[in-house]
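Undergrad: In terms of the numbering used here, the sequence shown opens at residue 37 and continues consecutively.
If you are wondering where the hints come from, they were derived from the structure by calculation, not from laboratory data. On a predicted model such as this, the values are computed, not experimentally measured, just so you know. Any given hint might turn out to be false.
[Said to hold, decoys possible] Quick list of in silico lysine-lysine cross-link-like pairs, DSBU-like style, CA-CA up to 30 Å:
#  : residue 1 : residue 2
1  : Lys119    : Lys138
2  : Lys138    : Lys161
3  : Lys119    : Lys161
4  : Lys161    : Lys127
5  : Lys127    : Lys81
6  : Lys78     : Lys96
7  : Lys138    : Lys127
8  : Lys119    : Lys81
9  : Lys161    : Lys96
10 : Lys78     : Lys119
11 : Lys81     : Lys138
12 : Lys78     : Lys127
13 : Lys127    : Lys96
14 : Lys138    : Lys78
15 : Lys138    : Lys96
16 : Lys96     : Lys119
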Amino acid sequence: MWRGWAFFATLVSSIRLPNLLENIDECAFESCEHLREINLPKTLKGIGSAAFKYCQCLSKITIPPFIVTIEVETFRECTSLSKIIIPASVKHIDECAFFACKNLASIMLPNTIRTIGIGAFQSCKSLQSIQIPQSTTCLGDFSFYSCDSLQIVYV
37 MWRGWAFFAT LVSSIRLPNL LENIDECAFE SCEHLREINL PKTLKGIGSA AFKYCQCLSK
97 ITIPPFIVTI EVETFRECTS LSKIIIPASV KHIDECAFFA CKNLASIMLP NTIRTIGIGA
157 FQSCKSLQSI QIPQSTTCLG DFSFYSCDSL QIVYV
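Using the sequences plus the hints, can you model the full thing?
TA: Pasting the structure below:
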């Protein structure tokens with residue numbers, strides 16, 4: 037396990053995590069403003085809340101296949117994030133998980149998503165389209181509030 041706040045506000049720009057890592061604790065990489073790339077090993081089972089919050093240079097991320105929940109504020113204000121791959125293992129996207137990811141133009145949600153939390157995609161200014169899976173039973177308040185470019189919603 038990589039403990040919370042492990043790299044908080046450091047100047048790290050690239051990191052290769054161990055292949056057997058199972059958990060990244062909360063805020064582990066928060067405010068790593070220069071972090072451009074990180075490999076998330078396929079063995080990863082948990083990513084703590086705000087783990088990548090304010091990682092402004094992070095442009096793409098692939099969520100590993102054992103993650104069930106994208107925690108609160110995990111990618112909040114990752115302003116360069118333009119591509120994210122979410123596997124079918126994910127069932128919950130918590131509050132403000134992608135808040136203000138202003139370069140996120142589209143996202144494919146797997147058919148396994150049950151809940152989209154309050155403000156999950158709020159202020160994603162470039163988000164143009166979203167498909168909300170039929171499996172979704174709870175759509176939180178302000179989930180897509182202030183998504184100024186959002187034109188197409190498939191339900």
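Undergrad: Is the hinted pair Lys119 and Lys81 satisfied, with a Cα-Cα distance of at most 30 Å?
TA: holds (21 Å)
Undergrad: If you draw a straight line from the CA of Lys138 to the CA of Lys161, is it 30 Å or shorter?
TA: holds (5 Å)
Undergrad: Regarding the pair Lys96 and Lys119, is the alpha-carbon distance no greater than 30 Å?
TA: holds (5 Å)
Undergrad: Compare the distance between the alpha carbons of Lys138 and Lys78 with 30 Å, and conclude whether the hinted pair is satisfied.
TA: holds (27 Å)
Undergrad: Does Lys119 sit within 30 Å of Lys78, going by the straight-line distance between their CA atoms?
TA: holds (18 Å)
Undergrad: Within a Cα-Cα threshold of 30 Å, do Lys161 and Lys127 meet the stated pairing?
TA: Holds, because 24 Å separates the two Cα atoms, which is no more than 30 Å.
Undergrad: Measure nothing beyond the straight line between the CA atoms of Lys127 and Lys81; if it is 30 Å or shorter, mark the hint as holding.
TA: holds (13 Å)
Undergrad: Holds or violated: Lys78 with Lys96, Cα cutoff 30 Å?
TA: Measuring from Cα to Cα gives roughly 16 Å; hence the hint holds.
Undergrad: Can the restraint linking Lys161 and Lys96 be considered satisfied, given a maximum Cα separation of 30 Å?
TA: holds (17 Å)
Undergrad: Does the structure keep Lys119 and Lys161 at a Cα separation of 30 Å or less?
TA: This hinted pair holds, its Cα atoms lying about 14 Å apart.
Undergrad: Below or equal to 30 Å on CA atoms is what counts here, so check Lys127 against Lys96.
TA: holds (20 Å)
Undergrad: Has the given pair, Lys81 with Lys138, been kept, meaning a C-alpha gap of at most 30 Å?
TA: Satisfied, since the Cα-Cα distance of roughly 27 Å is no more than 30 Å.
Violated hints are absent here; each numbered hint is respected by the structure.
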